[in-house]
Amino acid sequence: MLELKNIKKSYDNKTILDDISLKIETGEIVSILGPSGSGKTTLLNVILGLTEISSGQIIFDGQDLSKVPMQDRGFNIVFQDYALFPNLNAYDNIIYGLRNKPGISTPAEVAELVNLLGLKEHLKKRIDQLSGGQKQRVALARTLVMKPKILLLDEPLSALDGVIKESIKERIQLIAKQYNLTTIIVTHDPEEALTLSDKVLIINEGKISQFDRPQVIVSQPQTQFVEKFILSQLRIKRDNIFRLFGNLPAAAAGAAR
Amino acid sequence: MNRKSFELKLCFVLVCVIFAVFLGLPLGNLALKSLQTGSGLGLANYQQMLGSEKFLQAFGNSFVIASSEALITTVLAFFLAYGLHMTRLPHKIKEMLQLVIMMPMFLPSITYGFAVIYSFGKQGLITRLLDTQLFPIYGFWGLLISYIIYTLPPAFLVLYNAFFYIDKNFITVSKIMGDSAIRTFLVTSVRPLTGSLLAAFILSFFLSFTDFGIPVSIGGEYEVIAVELYMQMMGALPNFSSGSVIAVMMLIPSVISVALLRYMEKFNFRYNKLSRYEIQRSLVRDSIFTVFFAAVTLAFISVFAIMFIVPFVKSWPYQPVFTLDTVRRVLGDRALLDIYINSLLVAGITAVAGTVLCYGAAMVNARSDLHRYCKVIMDVIAMVTNTVPGMVLGVAFIFVFSGSSLQNTFAILIIANILHFFTTPYLMIKSSLAKMNESWETTGLLMGDTWLKTVIKVVIPNSKATIYQMLSYFFVNAMVTISAVVFLAGARTMVITTKIKELQYFEKFDEVFVLSLLIFLTNIVVKTVFDVLAEKEGFPLYKKVKKLLKAKEYSDEKFC
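These protein sequences, in sequence, are chains A and B.
Residue numbers for the first sequence follow the numbering used here, so the first one is 1 and each next one is one higher.
Residue numbers for the second sequence follow the numbering used here, so the first one is 1001 and each next one is one higher.
Isolated chain A, as found in the complex:
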């Protein structure tokens, strides 16, 4: 279980995160949702250990990690632009961490990951020969080889086309389930956040607007911000699609369920 207690981050007298407290259960997928400048990426970096906090505590499985440096926390991240190493091919990227920590994943486990992510036929390719979705999966595999205690994903879908987006979404869910892996995702897209995750953390101007299961957020928005910026956006989208398909009541009922 990951617990954040009164996290505060300020920078040059500007408060970026203000009094963030929450608990995330092991194996949960949690999305951090917010507009740009809301502090969501900072929060991700705080959990990762890339950004130092001004005050507060980060507790993971009973251990205080607040002062533990990034590389000793055992968390790992897939960056928005993947940060793959172009001088290595796909496979060498995937096993990059094994050279430093041999045995952290067995060859069989690596092979299983490669299969799970559908990367078998792409292993010998150069990075610039991969499509966006393939790059995303290579980066995911490279991170999972390290067996992170928490998987952090920074805007994992924003660079991908429609259909590939849905397939990556499924794989993220599959992996979280299969490895019982706590997964924290940063996104600016409400639809993505609410359909992908077990719980959604909505933040605005450095403060928590609401932290709950998607259904609760949709049915009981707790702040003006959630109502105005998150739900109204989704309703417009929903209405447009209904109009397009000729307003099917059955689908409407299904979506509201």
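Don't take each hint at face value.
Claimed, not checked - Listed below are the simulated DSSO-like cross-link pairs for lysine-lysine, each with C-alpha atoms no more than 30 Å apart in a straight line:
| id | chain 1 | residue 1 | chain 2 | residue 2 |
| --- | --- | --- | --- | --- |
| 1 | B | Lys1536 | A | Lys125 |
| 2 | B | Lys1375 | A | Lys101 |
| 3 | A | Lys124 | B | Lys1435 |
| 4 | B | Lys1464 | A | Lys124 |
| 5 | B | Lys1009 | A | Lys67 |
| 6 | A | Lys124 | B | Lys1536 |
| 7 | A | Lys101 | B | Lys1122 |
| 8 | B | Lys1453 | A | Lys147 |
| 9 | A | Lys125 | B | Lys1464 |
| 10 | B | Lys1435 | A | Lys125 |
| 11 | A | Lys124 | B | Lys1453 |
| 12 | B | Lys1122 | A | Lys125 |
| 13 | A | Lys124 | B | Lys1457 |
| 14 | A | Lys101 | B | Lys1464 |
| 15 | B | Lys1457 | B | Lys1375 |
| 16 | B | Lys1536 | A | Lys120 |
| 17 | A | Lys125 | B | Lys1453 |
| 18 | A | Lys120 | B | Lys1122 |
To be verified - Short, incomplete list of chain A residues facing chain B, as computed with Cβ under 8 Å:
| id | residue |
| --- | --- |
| 19 | Met70 |
| 20 | Gln71 |
| 21 | Asp81 |
| 22 | Tyr96 |
| 23 | Gly97 |
| 24 | Asn100 |
| 25 | Met146 |
| 26 | Ile241 |
| 27 | Leu244 |
Hint data in this document are derived by calculation from the structure and do not stem from the laboratory.
Ideal placement from N, C-alpha and C gives every residue a C-beta, glycine not left out.
Chain B: place on chain A using the hints.
Then chain B, alone, in the frame of chain A:
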């Protein structure tokens, strides 16, 4: 977090110390020296200098000749760049032309002077072909031609590269709106390039104002400031306080040039996307440019041809019979061969050490979490090195390092070269490092690497193409430079360019041309090898552009 910064902090401190000792100290000392008079500090030296008819004449001459040649060079360079971008001439011809224009970059400027003498002089190749001497070569005209040859390659590069970034859609718009051809040309090519045209002009001006090799070979009675500075420092009656004043005065136009260049960057409205434009057929336009290209090519080749002829004939111009005697004699001369090896050594170490220094400074600037001011300091250093002419650096070094253990060593030549040519490779690697994914080091750290390990395993391998270009830039420039080293090379540490100057004194022009040819061939080989290596790793600019344009075509198809 803080562990990651340790190596970079060290890097920052080292770069700062190196430049404080080898740039700050000499320049500060030079300024001080120029202010020292018999009775304490004062402007007496300057007053004396500014009252000197001879100095004012030389300064004025330098100014006049540098501005005239810069104007001609800029116009020439513009039309060359325009012709390469906007005509439908065959690709092979365009590539050939570029090679010809780039030729002077591989030769010391002192050689052009001699080449012009041997081409346009009384017994010169062209004079003999035309049976009449076109103009007196010693002095203004000889200087003008040599400076144009010297500064055309860099001015051309500035404009040629700028052309890629013009929004070609303007051309279509202008034509649809019914503009005349002249108006289209002015609105879509000249106006967007105004900044680059001024940049090319200033660059040419700066280069010819501070060059030493050309006036020392062909200047004759037309005195310019570079030669005046040399005479004050190394002449029969050295006057160090006058020398220091001239050096500081030489710095003034340089500072103004660089300041202007930076100021103008703001006006350079750069269109960041590369746009493709299908050039329309025009027989008239292409014919005119064919003639223009042919004329430039002929002019360049006729000047440089002499360099390939003199070493292989018995005695130019009296016995133009083929023989390898001269080449054999020069290459058999142990002393000359040693000097060639000296040059290789200096250029090689300059290339390696210079590249390392630039890389370190660029890492601090582009890939560190050090304070913003630390990063700015790196840029300031690059700007200062860009501003200081080689001759001023050489003079400043003399004052500080004479009598020290650095005097008459190869080390001082290498340090001077690295500082002199620091800016361009620094900017190259800085932009390449800045373009790389900013999360690599973090990713490496999360995968169990140390910072250094990620740099060695990922960052450096991904910048290999740029590293090869830096090595080749340093090497070629160290081979051809004379301005700083002419003050610093001792009898034991002679390099080819300083030897050429000495040989000129004894009028041994056969040797001059053989040594020049040796530099030329060495540079071509080195440049080619590094280009091939770089191409294996990445793509040179024009290939990248080609690829980008192609990719654009394909991406359009995808949506259909």
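Which numbered hints are broken by the structure, listed smallest first? 2, 7, 12, 18, 26, 27
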